[in-house]
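Visitor: Using my numbering, you'd call the opening residue of the sequence shown number 1 and step up by one each time.
Any given hint could be a false lead.
Said to hold, decoys possible - DSBU-like, lysine-lysine: derived pairs with alpha carbons at most 35 Å apart:
no., residue 1, residue 2
1, K48, K67
2, K54, K67
3, K48, K120
These aren't lab readings, by the way, just hints derived from the structure by calculation.
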Amino acid sequence: MASMKSSLSLFFICSLFLQVALAEYKTEIICESLPNGVCAFAIASSGKRCVLEKSMIEDGESEYTCKTSEVIVGNMREHIESDECLDACGVDRNSVGISSDSLLEAQFTSKLCSPACYQKCPNIVDLYFNLAAGEGVYLPDLCNKQRTNPHRATIELQSSGAAEEVADAPAQSPSSF
């Protein structure tokens, strides 16, 4: 019995040392060090979003590089978006730049507002929440309209009716929906 207690104690102590050692060697996420295939929708250790940028090189060829944007994500750091969230939300890991124009597409908005995306992928929802707010649209209201009348939601977003979507108070974080 005593040897079992000492074995368990030794195992516990070793596991603690291992956890501390691994924590010391944890790699920071630096956008410029990420492969292009995981750049879009990633968040660096600094809390800034990573963006895939395209530049022209000689002979009209294109080169893609991962860069750190100036956009800070308030409640997330060191995050590389999962394939499940990319699929659920209808976004592409090879996206060069992100635009609010995709909110005008009923199919995209439907995926973004789906429970599989909206409730399980806070990084992507936060990004589009802020893009929508920049257009004077409150994403939770847009998603509610998308669920009840998708055609009307798109028309209102395209028209001056989008101004009706502006929140009177500062926009709440998508994590508090």
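Visitor: State for each hint whether it applies.
Guide: Now the hints, each set against the structure:
With a CA separation close to 10 Å, the supplied pair K48 and K67 stays within the 35 Å bound. Taking the CA atoms of K54 and K67, the gap is near 10 Å; set against the 35 Å cutoff, the hint holds. As the CA atoms of K48 and K120 are separated by approximately 21 Å, the hinted pair is consistent with the 35 Å bound.
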